[in-house]
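Undergrad: Put chains B, C and D on the given structure of chain A with help from the hints.
Letter by letter, the chains look like this.
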Amino acid sequence: MDKRIATLEEAVAPIQDGASVMIGGFGNSGVPFGLIDALIAKRARNLTIISNNAGAGDFGLGLLLREGLVSKFICSYPRSRGSVWFEKAYAAGEIALEIIPQGTLAERIRAAGAGLGGFLTPTGFGTRLAEGKETRVIDGKGYVFELPLSADFALIRAERGDRWGNLSYHGTARNFNPVMATAARHSIAEVRELSETPLDPERVVSPGIFIDHVVEYGVRP
Amino acid sequence: MDKRIATLEEAVAPIQDGASVMIGGFGNSGVPFGLIDALIAKRARNLTIISNNAGAGDFGLGLLLREGLVSKFICSYPRSRGSVWFEKAYAAGEIALEIIPQGTLAERIRAAGAGLGGFLTPTGFGTRLAEGKETRVIDGKGYVFELPLSADFALIRAERGDRWGNLSYHGTARNFNPVMATAARHSIAEVRELSETPLDPERVVSPGIFIDHVVEYGVRP
Amino acid sequence: MISLTDEQLAARLALDIPDGAYVNLGIGKPTHVSSYVPADREVLYHSENGIIGVGPTPVEGEEDPEMIDASKRLITVAPGAAFFEHADSFAIMRGGHIDIAVLGAYQVAENGDLANWATQDEKFPPAVGGAMDLVVGVPCIFVMMKHVNKDGSPKLLKRCSYPLTGLGVVNRVYTDLAVLDVTPDGFRLVELTDGNSLADVQAVTEARILPPS
Amino acid sequence: MISLTDEQLAARLALDIPDGAYVNLGIGKPTHVSSYVPADREVLYHSENGIIGVGPTPVEGEEDPEMIDASKRLITVAPGAAFFEHADSFAIMRGGHIDIAVLGAYQVAENGDLANWATQDEKFPPAVGGAMDLVVGVPCIFVMMKHVNKDGSPKLLKRCSYPLTGLGVVNRVYTDLAVLDVTPDGFRLVELTDGNSLADVQAVTEARILPPS
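Chains as they are written, first to last, in the working numbering: chain A, 1 to 221; chain B, 1 to 221; chain C, 1 to 213; chain D, 1 to 213.
Bound-form chain A, shown alone (with noise of 0.2 Å):
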């Protein structure tokens, strides 16, 4: 079992146009910039998003978007400073967008990684993001029902990973990117270093089932 691949480039050659794509990240950290950009340069188009944030400045998904390569954007919150190419793109009617909130967003990818068909949750019961969904009151609690969120693929970063698809993180960098590799029909890992040996089975956050290939892409942002 070898899920080490050598290139981004490699990496990222199954991803066809109107592919899913679930990106890790909170920010800029956490982000798997080196795939971004082995996607931006492979020019896959008519892409549907499934990240956090939308972006800032031109590099990461605010390059994506700049290129013209999205065509769905589905994310919690897509107006941090900078995300001037997500504006626009939407502004033009370019764009189509999902909005979740935040807990929303991450357990509808986990009920899909899981395999639950679908979950009632208190978020949003009685707002404007629940209009039109099924909706539940039990022992006088308001829950809006949910459903998974899936995708053709996930582009996880990771600070280690071993020949097996093993990945640990660092710090806050973690965020979307363990429970994402568990929702895609195929999950690329960046790590910032391939470890040699196996990695410690205390220390794995996600174990390699969930992650197809791994490559090394040893910048830091």
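Worth flagging that the hints you see were computed from the coordinates, not collected in a lab.
Predicted, not measured: the structure shown is a model, and the values here were computed from it.
Among the hints, erroneous ones may be present.
Said to hold, decoys possible - In silico SDA-like cross-links for lysine to any residue, where the CA-CA straight-line distance does not exceed 25 Å: (1) K29/C x G82/A; (2) K72/C x Q8/C; (3) K133/A x E202/B; (4) K88/B x G118/B; (5) K72/A x A56/A; (6) K72/D x D58/B; (7) K123/C x S150/A; (8) K141/A x S80/B; (9) K141/A x S20/B; (10) K29/C x P184/C; (11) K29/D x Q8/D; (12) K133/B x R128/A; (13) K88/B x G18/B; (14) K72/C x E202/B; (15) K72/C x R81/A; (16) K72/B x F124/D; (17) K158/C x G140/A; (18) K72/D x S80/B; (19) K133/A x S161/C; (20) K158/C x P211/C; (21) K123/D x K42/B; (22) K141/B x N111/D; (23) K150/D x N111/D; (24) K146/D x S80/B; (25) K72/D x A21/D; (26) K72/C x P221/A; (27) K141/B x S150/A; (28) K123/C x V84/A; (29) K29/D x L63/B; (30) K123/D x L63/B.
Stated by the list, open to error - According to the in silico footprint, chain B covers these stretches of chain C (three or more CB under 8 Å from chain B): (31) 71-85; (32) 93-99; (33) 148-162.
Said to hold, decoys possible - Sample of chain A residues facing chain B (criterion: CB under 8 Å; computed from the structure): (34) L116; (35) G117; (36) T121; (37) Y143; (38) R185.
Note that the Cβ used here is the ideal one computed from N, Cα and C, for glycine as well.
TA: For chains B, C and D alone, coordinates are given in the frame of chain A:
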């Protein structure tokens, strides 16, 4: 913030007759034997116990059952070799049993800890264990609706802990402990080793926010 | 009227954060609260992006670009900290484990409704973040905001006009002019900023303010 | 008729476990399969109690009582292993991440229904464990069992009479007498244990067995 408590006896003091108590462990691995012994010594009665197995022999859960302190057992697998005291009480009609598929048990506990109102699982669809339950078919796949499962107390076994209640585990002794710690109104952890210094934040499996008290019990089964 | 500065307001609110509390400070001004909590109180700060135990801003030269809080500010790590991933982080928020959350707001209604994620101004794309999860999960929601908008219009209302973040979720509002509890009977005055009168504050508040009980 | 021993049956099944697979071996006899997987194949074994990478039984003196598998047997840890907690372990099972599960059975029906957790004998308390989660989540379910009961009654049936574990979930059945696939048309013979004829095997099988296609 100091969640350390000096003795097992003090740790279980809040547990009263009629309480519901989650108890970590799978087989004899990861079972909080020290806390169970203290609970038996306290002789709280009419307990509802939520634990994967129903003990084996005359120690731990087996002893708790032999002493007649349990009126209801919620579990997935009460029929391990040596579960004689459970079998006796069950045959005599002295104990109520709720049997739940193991993954549904874990997920119902997680849902309680995560503030969800319930979830749809494919597990058990079309079987006797789904009788009387709400079901739904989504994209041709059948699901059973399951409610969260919480408890008054959780008794947790961990390897190391610190004064903030952060916990790490050992091997397969992790099992139900982390998820149960999230779902009780009062969670008590027995740790093999209380660390004087904070645990490495990268290695914490149960953040201390889930733990109310931590007590050292150095015996490893 | 006497109006607290943002820093004075953060300092006032900080007095009500007890020792041993788990606290989530919303993005923006609420993050300043931690600087003013008395040093003899040990408080652990949760940030939605996966940490309990947010420490102070790093000193120059010791920044780690992958160690940030929900506001994307660089942080350090306090003793007793733990890292976790997003699904777990929001399980902590939604599951009732955090004691207090401090949030900013556009509007608060006398029934506790909170509007803090969108205005009626649709020029910008909507963005919700984690606020909706916090308000349904955290048992004690403190709002920290200016008492009135820049144009003088009230933010403490009978009913919110902006899209809601949560229904009946606010417990207490700290403004530059006063501190008010949300009660079953509506807003009730807790204290006035020194020098203000209830009548003065009421005059710039749409909802009725009940006197201290 | 020629009947494989339990060990021969485990060895036969082991040939069908491919290199690089993630496999869950059910409690009891299926756990023996790993001993027979060819040494040039790297297979990672998942156990429901929180490990991927179950290694062989420990040598005497190196047992760790808290390192066990779902059968509560003492285990070691293979290279590439990871530990996790129960909710995560069953997310792995239910979420379709494991490639193959090998389970014992009381009964298998020609429509793929599986009965392996309860008989009609109600003397003992019911016990379900993790089998129901495995069968809904793992895309390839191998059953490994005796072809008939001790009293000679069939276990491969038109419809199961015992309480079901899952509906239409079994892909292939390995018995001491034959290997059979579950197809939309019913059981289809894959191979016979050397020396047996299809007619012989059919004679002790309630369901119809189709010849190899």
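Undergrad: Is it true that the CA of K72/B sits at most 25 Å from the CA of F124/D?
TA: Holds: K72/B and F124/D sit about 17 Å apart, inside 25 Å.
Undergrad: When you check the alpha-carbon spacing of K133/A and E202/B, does it fall within 25 Å?
TA: 38 Å, violated
Undergrad: Taking 8 Å as the limit, does the beta-carbon of R185/A come near enough to a beta-carbon in chain B?
TA: 16 Å, violated
Undergrad: Do the alpha carbons of K146/D and S80/B lie within 25 Å of each other, as the hint requires?
TA: It holds: about 22 Å lies between the C-alpha atoms, which stays within 25 Å.
Undergrad: Can the restraint linking K123/C and V84/A be considered satisfied, given a maximum Cα separation of 25 Å?
TA: 13 Å, holds
Undergrad: Given the hinted pair K72/C and E202/B, is their alpha-carbon gap at most 25 Å?
TA: 20 Å, holds
Undergrad: Take a quick look at whether K141/B and S150/A sit within 25 Å of each other, Cα to Cα.
TA: The given pair, whose Cα atoms are some 16 Å apart, holds under the 25 Å limit.
Undergrad: Would the pair K72/D and A21/D pass a check requiring their Cα atoms to be no farther apart than 25 Å?
TA: 23 Å, holds
Undergrad: Below or equal to 25 Å on CA atoms is what counts here, so check K72/D against D58/B.
TA: Given that 25 Å is the threshold and the Cα spacing comes to 18 Å, the pair holds.
Undergrad: Would you mind confirming whether the straight-line C-alpha gap from K133/B to R128/A stays at or under 25 Å?
TA: 31 Å, violated
Undergrad: Counting residues of the segment 71-85 of chain C whose CB is closer than 8 Å to a CB in chain B, do you get three or more?
TA: Holds, because 7 residues of the segment 71-85 of chain C bring their Cβ atoms closer than 8 Å to Cβ atoms of chain B.
Undergrad: Below or equal to 25 Å on CA atoms is what counts here, so check K141/A against S80/B.
TA: This hinted pair is violated, its Cα atoms lying about 39 Å apart.
The earlier numbered hints that this structure contradicts are 3, 4, 7, 8, 10, 12, 21, 29, 33, 38.
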